[in-house]
Amino acid sequence: MIKDDFFIEAFEPLWLTIENIGPFRESPYEIDFTDAENQPCNIFLLMSQNGRGKTTILDIMYCLMSLLGEDKPDRFGHEDLDEGRGRVQWDLRVKLDWRGEKHCVVLSLLAGSLAEEQPAMKIWSEKQLEKYGARAWHRLGFRYLALGHLERIGKSDKFVADLLGRIRAEMSSSPAGFEESTLSLPTLLYFSAYRDIEVIASMERGITEPEKWGYYPVHEITREDGTWTRSLDNLLVWLKWLDDDRFEKVIKLVNDLVFDKNKYINGIRRVPPEAIVMVNGTEKHRLDRLSSGEKSLVQMFLRIGAHMTRNTLIIIDELDVHLHSSWQHALLNLLKQLVREHPGMTVIASTHSREILEAFPIDIPETGIRKGGDIIRTDLLPMEVFKQCELGNHYRIGMIK
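Under this note's numbering, the first residue of the sequence shown carries the number 6, and numbering increases by one thereafter.
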């Protein structure tokens with residue numbers, strides 16, 4: 006249950022600094038996640054050519070958030086960090102009720118080959134904190150030592166200790182409802198570019214709690230491997246078995262967002278236990294027989310509803326993958342609707358689609374949306390061409406420090 010003396014009201018990205026990781030070599034590369042009013046964006050788009058580091062950036066954010074659930078990790082889970090070459094800092098603004106008082110702080114998640122005396126790559130002065138309404142700066146993470154050992158950063162910080170204690174106390178606790186989490190602790194949902202729904206290989210299926218069903222600081226949603234406990238079918242069967250109206254909410258949500266009156270999820274088959282998709286009122290088939298675009302959307306919105314907390318970071322690699330241009334626009338509008346309905350939610354997505362970027366000009370205000378974007382490096386287009394195109398007027402050009 007939520008403790009009254011530790012309730013997080015906002016958990017919002019501000020800044021990312023990355024060095025010697027993936028394509029980001031020699032000098033630190035920085036991304037500013039705030040808008041023109043210095044407010045953290047709740048929808049932020051990354052764009053670049055292939056191989057320029059979009060996925061690397063998303064992987065690093067997942068890696069840093071995963072450290073919140075680790076007491077004594079022996080590795081970071083990212084090659085460039087584990088081999089002692091890279092370093093990274095992700096700064097987030099945290100608003101919370103703590104020990105009977107309201108606080109606004111900057112929390113820096115740190116990892117890699119960092120200095121001992123001052124491990125931070127970006128130093129937050131009082132003036133910089135004030136710019137974002139913060140009063141204090143806290144650091145959390147691990148420093149790479151010789152022989153591959155990791156040393157904790159922020160061991161004596163009372164706020165960090167309290168945050169980690171609350172996270173570990175809530176690990177695996179079951180969600181209270183679908184899209185109705187009462188838990189204020191942060192979580193990151195990472196949707197890889199490979200979010201297919203595959204055929205379940207085994208017929209040995211039962212009413213089994215899905216893998217990582219409860220609260221965790223991170224959830225990675227990638228291509229299913231054909232096992233029952235990781236499948237969407239198992240998630241839907243589990244929700245049906247709980248018999249507390251969550252299943253009905255799931256079905257309504259997905260049918261309203263993804264399908265139409267001629268195609269919809271129609272319930273659960275008993276033998277074998279799996280979801281049924283109805284087409285034109287007569288034909289029935291499994292989830293794995295949906296189109297690639299439909300599977301991507303179903304996977305996304307079911308997992309978000311199942312795992313979200315009051316403070317959820319949604320990270321999506323290749324937002325436009327498998328989607329026709331009309332569906333790309335529809336998905337963008339659905340994500341806007343999602344962050345409007347859930348003020349503690351932030352979406353950070355990579356895309357190749359110029360159509361999405363052109364439909365998302367960050368300098369045109371939209372109610373409830375704080376927009377931002379970054380075009381990684383400037384070699385996506387020749388600089389003189391880029392400055393003249395419409396995208397150059399809307400999006401920040403990523404810069405090496």
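You may find that some hints are simply not true.
[To be verified] With a Cα cut of at most 16 Å, we get these calculated EDC-like pairs of lysine to aspartate or glutamate:
no.: 1; residue 1: 268; residue 2: 299
no.: 2; residue 1: 163; residue 2: 102
no.: 3; residue 1: 107; residue 2: 37
no.: 4; residue 1: 136; residue 2: 37
no.: 5; residue 1: 163; residue 2: 360
no.: 6; residue 1: 127; residue 2: 10
no.: 7; residue 1: 163; residue 2: 201
These are computed hints drawn from the structure, not numbers from a lab.
Right, here's what the structure says about each hint:
no., hint, verdict
1, 268 <-> 299, "holds, 11 Å"
2, 163 <-> 102, "holds, 14 Å"
3, 107 <-> 37, "violated, 26 Å"
4, 136 <-> 37, "holds, 14 Å"
5, 163 <-> 360, "violated, 47 Å"
6, 127 <-> 10, "violated, 30 Å"
7, 163 <-> 201, "violated, 42 Å"
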